[in-house]
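Asker: Please take these sequences and the hints and turn them into a complete structure.
To convert, note that position 71 of the sequence shown is 71 in the working numbering; the numbers rise steadily by one, no gaps.
Honestly, the hints are just simulated from the structure, not real lab data. The structure displayed is predicted, hence computed values, not measured ones. Misleading hints may appear alongside valid ones.
Stated by the list, open to error - Pairwise CB distance ranges, derived in the manner of DEER restraints:
#, residue 1, residue 2, range
1, 24, 65, 23 to 31 Å
2, 63, 11, 14 to 22 Å
3, 59, 1, 14 to 22 Å
4, 24, 69, 27 to 35 Å
5, 72, 27, 16 to 24 Å
6, 68, 24, 28 to 36 Å
7, 57, 36, 29 to 37 Å
8, 72, 43, 26 to 34 Å
9, 24, 66, 24 to 32 Å
10, 58, 2, 28 to 36 Å
11, 1, 57, 16 to 24 Å
12, 63, 19, 13 to 21 Å
Claimed, not checked - Pairs of lysine-lysine, BS3-like flavour, derived with a Cα cap of 27 Å:
#, residue 1, residue 2
13, 61, 40
14, 61, 3
15, 40, 3
Think of the CB as a built atom: it goes at the ideal place given N, C-alpha and C, for glycine as much as any other residue.
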Amino acid sequence: MLKIGIVGLGFMGKMHYRCYNSMDNVQITAICDADAEQLKNTSGVSGNISGAEQELDFSDKQLYSDLTRMLAEAELDAVSIASPLSCMQAKLLKRLTQERMSYVKSQWL
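Answerer: In structure tokens, the structure reads:
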């Protein structure tokens, strides 16, 4: 079972959540967003993606508003980073210094 952490819980982060959550042999174990209020927002996303508006269930996930803490505490095999470019550079550097795989979604890279 591949244990995934997601960084950023906006539109793309929620889409990453949906995709990983639908995969066999993948378990989302931790979610991080600098805005702690966003971690309480389990509403789906609106747009042209079928089923995306459905509620999300974070009840069995470890929730963090501090990336350093998530990386230190959560047992992760990989991290999916879905945060804005302005936030991404520091997060990406922190992530790449760890010994885990990272996936970065950004149209600006």
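Asker: Evaluate each hint against the coordinates.
Answerer: Structure-based check of each hint:
no.: 1; hint: 24 <-> 65: 23 to 31 Å; in the structure: holds (30 Å)
no.: 2; hint: 63 <-> 11: 14 to 22 Å; in the structure: holds (18 Å)
no.: 3; hint: 59 <-> 1: 14 to 22 Å; in the structure: holds (19 Å)
no.: 4; hint: 24 <-> 69: 27 to 35 Å; in the structure: holds (29 Å)
no.: 5; hint: 72 <-> 27: 16 to 24 Å; in the structure: holds (19 Å)
no.: 6; hint: 68 <-> 24: 28 to 36 Å; in the structure: holds (31 Å)
no.: 7; hint: 57 <-> 36: 29 to 37 Å; in the structure: violated (18 Å)
no.: 8; hint: 72 <-> 43: 26 to 34 Å; in the structure: holds (29 Å)
no.: 9; hint: 24 <-> 66: 24 to 32 Å; in the structure: holds (31 Å)
no.: 10; hint: 58 <-> 2: 28 to 36 Å; in the structure: violated (19 Å)
no.: 11; hint: 1 <-> 57: 16 to 24 Å; in the structure: holds (18 Å)
no.: 12; hint: 63 <-> 19: 13 to 21 Å; in the structure: holds (19 Å)
no.: 13; hint: 61 <-> 40; in the structure: holds (12 Å)
no.: 14; hint: 61 <-> 3; in the structure: holds (11 Å)
no.: 15; hint: 40 <-> 3; in the structure: holds (22 Å)
Checked against the numbered hints listed earlier, the structure breaks hints 7, 10; every other hint is satisfied.
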